[in-house]
Amino acid sequence: MPDRVGKFIFAVTVLVVVVTVLWHVQPGGVFGDRAAYHRENEDTLPYLAEVDLAKPGQSYSYNLELMARVISAEAKGEPYLGQVAVGAVILNRLDHPHFPKTIPGVIFEPDAFTAVSTGHVWFPAVDSSYRAAQDALAGWDPSGGAIYYYNPAKATNWWVATRSYIIQIGRHVFLR
Amino acid sequence: MRQRWGWVALALAVVIVGLIGIREYSLRKEVELKTENQYQRAFQEVVYHVDSLAEELTKAAVSSSYPMTQKALADAWRHTESARSGLGQLPVGTIELSTTEDFLSQVASFTYVLSQRGASGSGLSEREWTILRDLRDQATFAAEELTRLGGSIALGRLRWIDVQRDSMATAAMRPDEERTRGAPSNQVTKGLKMLEDGMTRFPTPDFEGVIPPPRKKLPSIPGAEISTDDAIKIAMDFAGYSVQEGARGEVIATISSEPESYRVEMTPSRGQVSKVWADVSVRGGKVLWMYRDSPIGSESITPAMAVNAARAFLASHGFQNMREISRRDYQGVSAIGFAHEQNGVVIYPDYVVVRVALDDGRVDGFEGTNYQIFHRVRPLKEPGLSEAEAKEGLNPRLTVIGSRLAVILDDFYQEKLVYEFRCKLDKDTYLVYINAETGEEEEVKKAEIRGLELV
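Protein sequence lines, in the order shown, are assigned to chains A and B. Each residue of the first sequence is one higher than the last, beginning at 1 in our numbering. Each residue of the second sequence is one higher than the last, beginning at 177 in our numbering.
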């Protein structure tokens, strides 16, 4: 009996050591993008722009990529209209005096988007979110001019809840 | 013997895990410190720029020569924009600062407009000077509050990281919790609240006509209120569906934004999953936009065919005299912009966007909010200048390749009659707008911005 306990502890230890060593030696290999994200976080965006986007220095494709990633991370699985609406909220903020005047400025405002706070914005976007971003840029605004949205099923942001309600699309409530 | 090895291994594991823990902890501290330092820097920049803003506004109000005033205003504008950018980097998302933000945005427009008047500009009018003084008082107050807060942050070793944590905790609260317990606060949030409360006590100067309004005040669509049944019928007709063929429609929401509208969701036929949506204005029953969520196959039609499809769609939906003005191609679709044309004058405020799927040329999207709001038959005056006279206002280095009359909206949302000159410089094409009354250059646009081509 004690013999088996010893074996078990030994096996667990070996496992822990192997996993730890792999984690530290090869972060990207074992834990994928999430670990890589922590590494890249320090250099933040310029790094992403060089590595992931085909042509650095072209702010158009860069902004589009950024919008698509936020839409993808925030509204994947939502009705398509809800994805366009998230893109429209980003653009509506650009015209609003309380928000920064560039797309990266709006998106990277501290705690403005959950996708940025949790790092999900660093994952590649799904295809439909590129079209949603483009549709928002072309002028469609299914949010009815919203500048906030939240998911009432998850934690409620009371501050956002003091804003006036416009419409619910899928799981997101859009507000002004 | 085996058992003893087990214990050794266990001890080893505990030590390794412990070391990893220490390492992770110190890494976390390091990252936290970096973030904190960035916040501190951003905040100190806000303090510095607001302080300098107050100083420049004072200079502008005091100086007697217009060039000096103008320089001070230009500097004030720069400081305002920097302060706004710094504010955008701080974790203040859940702290109510809207009066302060409005103030900064108003000062930015005010100083910008006045500093751009050019050498020909006269001095400030009496009314502008009074506004300037009021803004100076408000900026001085803000600078004092921020400086005091900056001092207590340094002395009290307050951290922005804690502000961020409180803000996250607040964000996670439910409204009832917030009422009973109150949002968490610390010295920094209290200081910012004092600033905001103080700012609300200043009266807002009357900027009417001095600076452009921050947002477009949209005229309402004329007409009687329609019922939800009317809205469904209008939307179904617009999208080309009929109840007889098995299509269904329902109003899923009433949207209270400007203009107020019904959202109609349509299912084209039984058993089909893809939906079609449209917003129909409550007053006047106009279709603001329509959208079909259908899968798009591989491209098989030419751009010219797409334009023709869009044109045919507009003609059959009661949009007469539309001229193609822009084009955006993406993801197997073409979003083509059209503006209304009245007696050969392009009316830019009356524009629509038609989205054509490039697989079979069907129209699967329409956006016409602007057209529905602004469109009317305009009493167009004869231009005060002839085309040749207006052309003299152009930079002589440009080669003119085309021209036409157009109506554009200026920053104050006033319509202006202009000559639009299509010009070439090197290999790029530009659109230059010259006022048809005064001959002033109103706007210069590049004809191909990435992703969008102006036609």
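Among the clues, some could well be false.
DSS-like mimics (lysine-lysine), calculated; alpha carbons at most 25 Å apart, straight line [what the hints assert, rightly or not]:
{"hint": "1", "chain 1": "B", "residue 1": "K567", "chain 2": "B", "residue 2": "K621"}
{"hint": "2", "chain 1": "B", "residue 1": "K366", "chain 2": "B", "residue 2": "K409"}
{"hint": "3", "chain 1": "B", "residue 1": "K592", "chain 2": "B", "residue 2": "K622"}
{"hint": "4", "chain 1": "B", "residue 1": "K205", "chain 2": "A", "residue 2": "K101"}
{"hint": "5", "chain 1": "B", "residue 1": "K603", "chain 2": "B", "residue 2": "K622"}
{"hint": "6", "chain 1": "A", "residue 1": "K101", "chain 2": "B", "residue 2": "K622"}
{"hint": "7", "chain 1": "A", "residue 1": "K101", "chain 2": "B", "residue 2": "K409"}
{"hint": "8", "chain 1": "B", "residue 1": "K621", "chain 2": "B", "residue 2": "K600"}
{"hint": "9", "chain 1": "B", "residue 1": "K205", "chain 2": "A", "residue 2": "K76"}
{"hint": "10", "chain 1": "B", "residue 1": "K235", "chain 2": "B", "residue 2": "K247"}
What the hints contain is simulated information worked out from the structure, not anything from laboratory work. It should be emphasised that the depicted structure is a prediction, and the values quoted were computed from it without experimental measurement.
Hint-by-hint comparison with the structure:
no. : hint            : verdict
1   : B:K567 / B:K621 : holds (16 Å)
2   : B:K366 / B:K409 : violated (54 Å)
3   : B:K592 / B:K622 : holds (20 Å)
4   : B:K205 / A:K101 : violated (32 Å)
5   : B:K603 / B:K622 : holds (11 Å)
6   : A:K101 / B:K622 : holds (20 Å)
7   : A:K101 / B:K409 : violated (40 Å)
8   : B:K621 / B:K600 : holds (12 Å)
9   : B:K205 / A:K76  : violated (33 Å)
10  : B:K235 / B:K247 : holds (9 Å)
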